[in-house]
Amino acid sequence: MNGNELTERLLSGDRRALARVISKIEDEDPQTPDIISELYQHTGAALSVGFTGPPGAGKSSIIAKLIELFREEDKKVGVVSVDPSSPFTKGAILGDRIRLVDHFLDKNVFIRSMGNRGHLGGLAGGSRLAGLAMEAYGTDVVIYETMGVGQGEVEVASAADTVVLCLQPGAGDAVQALKAGVMEIADIFCINKSDHPQANEAKAEVRSTLEIGHELDPDAPMPSIIMTRGDTGEGIEELKEKIEEHRASLEKSGELEKRQRASQREFVVSWAANKMQNKVQERLQRGDTKIMERVYKRELDPISASEKIFEEI
Amino acid sequence: MPEETTRVVVAKVGLDGHDRGAKIIARALRDAGMEVIYTGLHQTPDQIVETTIQEDANAIGVSILSGAHMTLVPRIIELLEENDAGDVVVFVGGTIPKDDIDKLKEAGVGEVFTPGTPTKKAVEYVQEAVSAS
Ligand SMILES: Nc1nc2c(ncn2[C@@H]2O[C@H](COP(=O)(O)OP(=O)(O)O)[C@@H](O)[C@H]2O)c(=O)[nH]1
Ligand SMILES: [Mg+2]
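Going line by line, the protein sequences match chains A and B.
First residue of the first sequence? That's 1 in my numbering, and the numbers climb one at a time after it.
First residue of the second sequence? That's 1 in my numbering, and the numbers climb one at a time after it.
Think of the hints as simulated: they come from the structure by calculation, not from any bench.
Watch out, some of these pointers could steer you wrong.
[Stated by the list, open to error] When the alpha-carbon atoms are kept at most 27 angstroms apart in a straight line, the in silico BS3-like pairs for lysine-lysine are as follows:
{"no.": "1", "chain 1": "B", "residue 1": "K105", "chain 2": "A", "residue 2": "K90"}
{"no.": "2", "chain 1": "A", "residue 1": "K242", "chain 2": "A", "residue 2": "K275"}
{"no.": "3", "chain 1": "A", "residue 1": "K75", "chain 2": "A", "residue 2": "K308"}
{"no.": "4", "chain 1": "B", "residue 1": "K120", "chain 2": "B", "residue 2": "K103"}
{"no.": "5", "chain 1": "A", "residue 1": "K90", "chain 2": "B", "residue 2": "K103"}
{"no.": "6", "chain 1": "B", "residue 1": "K120", "chain 2": "B", "residue 2": "K105"}
{"no.": "7", "chain 1": "A", "residue 1": "K90", "chain 2": "B", "residue 2": "K23"}
[Claimed, not checked] Coverage of chain B stretches by chain A, computed from C-beta distances (three or more under 8 angstroms per stretch; other residues unrestricted):
{"no.": "8", "stretch": "20-32"}
{"no.": "9", "stretch": "59-70"}
{"no.": "10", "stretch": "89-95"}
{"no.": "11", "stretch": "118-124"}
Just so we're clear, the structure is a prediction, and the values are computed from it rather than from any experiment.
C-beta: ideal position from N, C-alpha, C; glycine also.
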């Protein structure tokens, strides 16, 4: 099937075409740029929400309950769920679907699991484009779930308009999140497993951390803290309200456009940078390694060498 | 350009609550560089096929112990065909009697692995079958 036919089918709401397009995005198929250029004009209106937080906090469970609420309003939902790939074999076990099983047969819910395939930032290299493809296909809501491991999982903030940080009691999560720099990107804090005996403590801990931040920067809005239960759905309605309120306030203040512009800009820069990096790698692999030999022998310093290569390409 | 990554749905059908076999094969496939979409216990043929479509998987590994294989597995193949996804490789792991193995293969199952088969064999099978399809 050629790219044109695929995009047409995707735009008409064919889920198999959407599935194929996402694979092409993930595999960096040469048809991808053309496909995206066709789809892009059909995007921009969906509500996008990102969930981040440590593994086991309950992100997937909460997403499952949230989908239920969006489906009651007859909204079409897309989910992009990312799990880590093995850095050694590139393989991955993608297990987020286990919690989403109630939605498997709903034709208005499209779920895609992704391995990060070495991409840094908490999402997969193709996650944002996959989200765009889902929008073009017709989803009213796009939900991203990050891998939830390690530091610097902040890319979700540029993929989604609203970021929910999910934490669980008793794990010292708040402190860890603060260290990892993900607290700053959260618009809403979700203390999940509110049935846990230390849930209130966790809430207090997060609140006091946020208050310190608020004192240092009084202009920034104080994020809401919500207690939820991913297993029963308790608190998820409130979470949904807060998500929608947040989105509405972004729109009203003009912040939404500012954020989206920054995110599009960032995407353009990172795409170009990635391309450039591949070009440099190619240039170094292509036979002529004289320049590297000179670096190895300390005749040429590495910075001058890269300036030279940069000028050449 | 990176090559296509093989994606496999590993699903457990039937009523029993053991998914050890499914977990072992999932790990082995991951260690061989594949992406395994693991969906948990008690999956129905419809759920498995819909997952395969959305995830654009190349293969399905069905783990089954409970004896309902002669209805459930052919139903998966039927649904794949109905959905224009007949090229998806289907393999089965479980306690399947010899006679039924032949029948399942006739119905379109690529291979059946009974308990005791080294996981390496299953991994090799998936690699070969996917690159041939
Ligand atoms: N007790 C309790 N368990 C929960 C709650 N929410 C989720 N869980 C369980 O926590 C585990 C991890 O949930 P999951 O959604 O997969 O977390 P994720 O890794 O952040 O996506 C699962 O066993 C869930 O059933 C909750 O509110 N209370
Ligand atoms: Mg999860």
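Here is how each hint holds up against the structure:
1. B:K105 x A:K90: 31 angstroms, violated
2. A:K242 x A:K275: 38 angstroms, violated
3. A:K75 x A:K308: Given that 27 angstroms is the threshold and the Cα spacing comes to 53 angstroms, the pair is violated.
4. B:K120 x B:K103: Holds, at roughly 24 angstroms.
5. A:K90 x B:K103: Distance of about 36 angstroms is beyond 27 angstroms: violated.
6. B:K120 x B:K105: Holds. B:K120 to B:K105 sits at ~20 angstroms (cutoff 27 angstroms).
7. A:K90 x B:K23: Distance ~18 angstroms between A:K90 and B:K23 Cα, so the pair holds.
8. 20-32: holds (count 6)
9. 59-70: The restraint on the stretch 59-70 of chain B is violated, since only 0 of its residues have a Cβ under 8 angstroms from chain A and three are required.
10. 89-95: Coverage by chain A is violated here, the residue count being 0 at a Cβ distance below 8 angstroms.
11. 118-124: violated (count 0)
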